[in-house]
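Novice: Sequence lines, in order, name chains A and B. Here the working numbering is used: position 39 in the first sequence is 39, and no number is missing along the way. Here the working numbering is used: position 63 in the second sequence is 63, and no number is missing along the way.
Among these hints, one or two may not hold up.
What the hints assert, rightly or not - Some chain A residues near chain B, calculated using beta-carbon distances under 8 Å:
#	residue
1	Leu93
2	Val96
3	Ser97
Stated by the list, open to error - Listed below are the simulated DSS-like cross-link pairs for lysine-lysine, each with C-alpha atoms no more than 25 Å apart in a straight line:
#	chain 1	residue 1	chain 2	residue 2
4	B	Lys9	A	Lys57
5	B	Lys9	A	Lys99
6	B	Lys9	A	Lys108
7	B	Lys61	A	Lys99
8	A	Lys99	B	Lys37
9	B	Lys9	B	Lys104
10	A	Lys108	B	Lys37
11	B	Lys37	B	Lys104
12	B	Lys37	B	Lys61
13	A	Lys108	B	Lys14
14	A	Lys99	B	Lys14
Said to hold, decoys possible - Selected chain B positions facing chain A (Cβ under 8 Å, derived; list incomplete):
#	residue
15	Lys14
16	Val17
17	Ala23
18	Phe34
19	Leu38
Honestly, the hints are just simulated from the structure, not real lab data. For each residue, glycine too, the CB sits at the ideal point set by N, CA and C.
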Amino acid sequence: MSHKRHSRVAAKRRAPVFAALGDETRLSLVARLCAGQPYSIAELTQGHKLTRQAITKHLRVLERAGIVHSIRRGRESRFEFVAEPIEAIKEYLDLVSEKWDQTLTRLKSFVED
Amino acid sequence: MKTNDRIGKRIELKAPVSRVWRALTDYREFGQWFRVKLDGPFVPGQVSRGHITYPGYEHVKWEAVVQSMEPERLFSFTWHPYSVDPKVDYSKETPTLVEFRLEKTASGTLLLLTESGFDKIPSDRRLEAFRRNDGGWTEQMKNIENHVAQTS
Numbered sequence: 001m002s003h004k005r006h007s008r009v010a011a012k013r014r015a016p017v018f019a020a021l022g023d024e025t026r027l028s029l030v031a032r033l034c035a036g037q038p039y040s041i042a043e044l045t046q047g048h049k050l051t052r053q054a055i056t057k058h059l060r061v062l063e064r065a066g067i068v069h070s071i072r073r074g075r076e077s078r079f080e081f082v083a084e085p086i087e088a089i090k091e092y093l094d095l096v097s098e099k100w101d102q103t104l105t106r107l108k109s110f111v112e113d
Numbered sequence: 001m002k003t004n005d006r007i008g009k010r011i012e013l014k015a016p017v018s019r020v021w022r023a024l025t026d027y028r029e030f031g032q033w034f035r036v037k038l039d040g041p042f043v044p045g046q047v048s049r050g051h052i053t054y055p056g057y058e059h060v061k062w063e064a065v066v067q068s069m070e071p072e073r074l075f076s077f078t079w080h081p082y083s084v085d086p087k088v089d090y091s092k093e094t095p096t097l098v099e100f101r102l103e104k105t106a107s108g109t110l111l112l113l114t115e116s117g118f119d120k121i122p123s124d125r126r127l128e129a130f131r132r133n134d135g136g137w138t139e140q141m142k143n144i145e146n147h148v149a150q151t152s
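Chain A extracted, bound-state conformation (with noise of 0.2 Å):
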């Protein structure tokens, strides 16, 4: 079994990757990148209310939740999507959603018993 495993992953990624995802512009940055080509600042302005300035912090706490990552090309940098922390997300729940299978059916066993 890779309990162990797990637990990192839920104790390292899950936490900061959960936070970066609550909240939509984030979210629409994620929507955006995950097609998998990199994006200058200046596009992923484009079509968004919000200032660059603003677009720049909200991917620098994508950055460090591991979720996308910069390329530095000339002057400009680009971002790119990166889908491990959030495939480790679901693996997590798909653990959670595991035990609580197991612990009910024991739990059925108990009372019907």
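Using the hints provided, position chain B relative to the given structure of chain A.
Specialist: Relative to the frame of chain A, chain B by itself:
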């Protein structure tokens, strides 16, 4: 149930509501099927302590805060799910809320379990933003959503 910060389960139990209620809220009975040895009875508003008796996890402490005990209807507590690594301080994480709701049925009891507050998972509306996007991500988000919205 169609939200994304929770896990939902429903299970039919062939036992009367009163029996299920006792299994849930009597700390000794709870301990037997949950595989935890609790120090004392559940009291709303108070911390419940003990340790896991599940083989291989005996080092793990159980700690939860009892929230509601509405006889034969609702039992709930908050805790840090799956906090098995003794090196990690889980108290810094936001706890989740576990709710057991009971409903009488013709053949016994319907138990609805939810665990919610997997903090700040995007709401349905926000997930829409992902779904409109192309690529493997859409599938991934669907998986998450299906998973957390799962009711059986």
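Novice: With reference to the structure, classify each hint as holding or not holding.
Specialist: Going through the hints against the structure:
no.: 1; hint: Leu93; in the structure: 6 Å, holds
no.: 2; hint: Val96; in the structure: 5 Å, holds
no.: 3; hint: Ser97; in the structure: 5 Å, holds
no.: 4; hint: Lys9/B - Lys57/A; in the structure: 39 Å, violated
no.: 5; hint: Lys9/B - Lys99/A; in the structure: 11 Å, holds
no.: 6; hint: Lys9/B - Lys108/A; in the structure: 13 Å, holds
no.: 7; hint: Lys61/B - Lys99/A; in the structure: 17 Å, holds
no.: 8; hint: Lys99/A - Lys37/B; in the structure: 18 Å, holds
no.: 9; hint: Lys9/B - Lys104/B; in the structure: 16 Å, holds
no.: 10; hint: Lys108/A - Lys37/B; in the structure: 19 Å, holds
no.: 11; hint: Lys37/B - Lys104/B; in the structure: 29 Å, violated
no.: 12; hint: Lys37/B - Lys61/B; in the structure: 9 Å, holds
no.: 13; hint: Lys108/A - Lys14/B; in the structure: 8 Å, holds
no.: 14; hint: Lys99/A - Lys14/B; in the structure: 22 Å, holds
no.: 15; hint: Lys14; in the structure: 5 Å, holds
no.: 16; hint: Val17; in the structure: 10 Å, violated
no.: 17; hint: Ala23; in the structure: 5 Å, holds
no.: 18; hint: Phe34; in the structure: 6 Å, holds
no.: 19; hint: Leu38; in the structure: 15 Å, violated
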